[in-house]
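Protein chains in written order, with numbering that gives the first Met the number 0: chain A, 0 to 344; chain B, 0 to 344.
None of the hints are false.
If we take Cβ atoms under 7 Å as the criterion, some of the chain A residues that face chain B in the derived model are:
#, residue
1, Cys173
2, Glu174
3, Asp189
4, Gly190
5, Leu193
6, Gly194
7, Leu195
8, Glu201
9, Thr218
10, Lys220
11, Glu223
12, Ile228
13, Thr260
14, Thr263
15, Val264
Treat the hints as calculated values from the structure; they're not laboratory data. Built from N, CA and C at the ideal position, the CB exists for glycine as well.
There are 2 protein chains.
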Amino acid sequence: MDRLVEILQIKIPVIQAGMAGGITTPSLVAAVAESGALGTIGAGYMNAEVLKSEIKQVKQQTDKPFAVNLFATNLQASSKDIAEMQHVLNPFRHELEIKAGKESIEVTDYLQEKIEVILQEDIPVVSTAFGVLSQDSIGKLKANHVTLIGMATNLEEAKQLVDAGYDIIVAQGCEAGGHRGTFDVNTYKDGCNLGLIVLVQELSANLSVPIIAAGGIHTKKQIEGLRAIGADGVQLGTRFLVAKEAGTNRAYRQALIDASTADTVITKAFSGRPARAISNRFIKEVENSSVATLPFPIQNEMTKDVRAASKKLGITDFQSLWAGQGVGAIDKEETAAEIIKSLGM
Amino acid sequence: MDRLVEILQIKIPVIQAGMAGGITTPSLVAAVAESGALGTIGAGYMNAEVLKSEIKQVKQQTDKPFAVNLFATNLQASSKDIAEMQHVLNPFRHELEIKAGKESIEVTDYLQEKIEVILQEDIPVVSTAFGVLSQDSIGKLKANHVTLIGMATNLEEAKQLVDAGYDIIVAQGCEAGGHRGTFDVNTYKDGCNLGLIVLVQELSANLSVPIIAAGGIHTKKQIEGLRAIGADGVQLGTRFLVAKEAGTNRAYRQALIDASTADTVITKAFSGRPARAISNRFIKEVENSSVATLPFPIQNEMTKDVRAASKKLGITDFQSLWAGQGVGAIDKEETAAEIIKSLGM
Numbered sequence: 000m001d002r003l004v005e006i007l008q009i010k011i012p013v014i015q016a017g018m019a020g021g022i023t024t025p026s027l028v029a030a031v032a033e034s035g036a037l038g039t040i041g042a043g044y045m046n047a048e049v050l051k052s053e054i055k056q057v058k059q060q061t062d063k064p065f066a067v068n069l070f071a072t073n074l075q076a077s078s079k080d081i082a083e084m085q086h087v088l089n090p091f092r093h094e095l096e097i098k099a100g101k102e103s104i105e106v107t108d109y110l111q112e113k114i115e116v117i118l119q120e121d122i123p124v125v126s127t128a129f130g131v132l133s134q135d136s137i138g139k140l141k142a143n144h145v146t147l148i149g150m151a152t153n154l155e156e157a158k159q160l161v162d163a164g165y166d167i168i169v170a171q172g173c174e175a176g177g178h179r180g181t182f183d184v185n186t187y188k189d190g191c192n193l194g195l196i197v198l199v200q201e202l203s204a205n206l207s208v209p210i211i212a213a214g215g216i217h218t219k220k221q222i223e224g225l226r227a228i229g230a231d232g233v234q235l236g237t238r239f240l241v242a243k244e245a246g247t248n249r250a251y252r253q254a255l256i257d258a259s260t261a262d263t264v265i266t267k268a269f270s271g272r273p274a275r276a277i278s279n280r281f282i283k284e285v286e287n288s289s290v291a292t293l294p295f296p297i298q299n300e301m302t303k304d305v306r307a308a309s310k311k312l313g314i315t316d317f318q319s320l321w322a323g324q325g326v327g328a329i330d331k332e333e334t335a336a337e338i339i340k341s342l343g344m
Numbered sequence: 000m001d002r003l004v005e006i007l008q009i010k011i012p013v014i015q016a017g018m019a020g021g022i023t024t025p026s027l028v029a030a031v032a033e034s035g036a037l038g039t040i041g042a043g044y045m046n047a048e049v050l051k052s053e054i055k056q057v058k059q060q061t062d063k064p065f066a067v068n069l070f071a072t073n074l075q076a077s078s079k080d081i082a083e084m085q086h087v088l089n090p091f092r093h094e095l096e097i098k099a100g101k102e103s104i105e106v107t108d109y110l111q112e113k114i115e116v117i118l119q120e121d122i123p124v125v126s127t128a129f130g131v132l133s134q135d136s137i138g139k140l141k142a143n144h145v146t147l148i149g150m151a152t153n154l155e156e157a158k159q160l161v162d163a164g165y166d167i168i169v170a171q172g173c174e175a176g177g178h179r180g181t182f183d184v185n186t187y188k189d190g191c192n193l194g195l196i197v198l199v200q201e202l203s204a205n206l207s208v209p210i211i212a213a214g215g216i217h218t219k220k221q222i223e224g225l226r227a228i229g230a231d232g233v234q235l236g237t238r239f240l241v242a243k244e245a246g247t248n249r250a251y252r253q254a255l256i257d258a259s260t261a262d263t264v265i266t267k268a269f270s271g272r273p274a275r276a277i278s279n280r281f282i283k284e285v286e287n288s289s290v291a292t293l294p295f296p297i298q299n300e301m302t303k304d305v306r307a308a309s310k311k312l313g314i315t316d317f318q319s320l321w322a323g324q325g326v327g328a329i330d331k332e333e334t335a336a337e338i339i340k341s342l343g344m
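In isolation and in its complexed conformation, chain A is listed as follows (with noise of 0.2 Å):
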């Protein structure tokens, strides 16, 4: 385990992953920060302003380093074929008494402004979901030694990663909630939801750069068991949801706290790519709708307003209630620097 505290010049081998929307609010990451794990701005969906505006509340609060996570190729896309989808959420809309949806879509996500703030702003690690960054951008961020770790769901991605340069590799098994980082969302399939002990194993045993393993952990044993099998580190979303110091609004709070294992599922009804959440009546309609979603990030940026305001009434119905699997496991909010403690490492 060594290897990735001294890469990453933290005390122990957490990360605390870079969910967006909102999350990982600034007190989050510097209270990870300062608890010795490396604490994320989520900054997907950011723009660069408000990038920058994060990184330097998170400055204000700890001199730790700590991370920005990015998806890894540009949001670019825009759709005017959605009439059929907003027949399906218009009726949500008007139960929660917004109005009726867009005719016509478009998503920026501005990745290459988001990467001058990062050099301007010296942040030493960048992790990166759903692809590979250009070439160029790669350069940019060596040059200014930054320490990249890219999210695979196979070896094959990994080696993609390994191959581009990047320095680490987080291993997200099924287990894992939120959106699966599943490169090519085209040739998504069953056999793309891999269990950790297998996914951890082929990686560490194919790979020779450290191993995060992320997805469904909560506990010491678990990391002492994946540190076993191969990983170098572990990575954790769910646990941070529940943090006093994240973003989660209270009626998805409680919706973790009071979730089984067994109720999450694996929906694209929310942004067009794959994800796993709390099942609920948002997921069940769309996916009970003859309806096709669309593609990702269409359908993400088409459900935005029916999930605001779902969250802004305080009812789960119609959020995006991200979890993993070992969502059973938790019972209370804690801060971050007592989930870290527990990690007992």
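Guided by the hints, dock chain B onto chain A, whose structure is given.
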């Protein structure tokens, strides 16, 4: 780990899974037993006479203890409402040059008769899947000092087994090959497939009986890791499929050696019960037909002749190529003794 070895009177805490359908030859079971692990006769689908003969053959080759695996509930079913599915299967039969499917199906599993054989033959360990044995059967087996091992896919199922008097629980992770052990297939859902690091953690934290981890296990490191998480021992199926002593046919063996980690899917196409197999033509074509699979064991009985003919012709297209996610790590045939030695315990 000591308690498991002590209860089962074996040397190392490894169990060869009781795979049904002619895989667990007497030579395999005896070789596993002679190597100090627990060999298991897969007696699902066998009648009592065949089981008796198999037991006697194992006893001729070893005086070490071994187990018999049963389905926990008698498979007693018949159906005449099978025309639609026969319509899907008949083109396969045509291709395989066997006669068209029957108009009605009947299945009997002779569970009571097999339990009588087990008692007569003084078998020390019985393992079951798909539910809980009747109190009458449990009473008879316990009176004969038989150790009972039950397979569970979640905490609720494990508690039912323990409450009924089972001594040991097999925690079947989503990684596992072959049939999911899910008790009630009508309520089967995504959440019924828990990663092993989550399931072992949950069962070992909530139950006092020994826990055996099963699914995707191929290496000593994985065993050490699962022990750290809370398992007392492990059960391996897929790795023993390529044991030289196993009854696995040549084409199936080659498919196991050739398959990659991502090649397995969970399907109801073969038996009506969710099960993990290497994806092939049969799965794709049955799933792409608009016809729903019939319930287990009707679907299983209906597809039997097709699978048998495919096996006889040495082709994999229409065989049930059961395999766990660890299949990618299989690259050669070995003796049972070599497999157990490689687990290094």
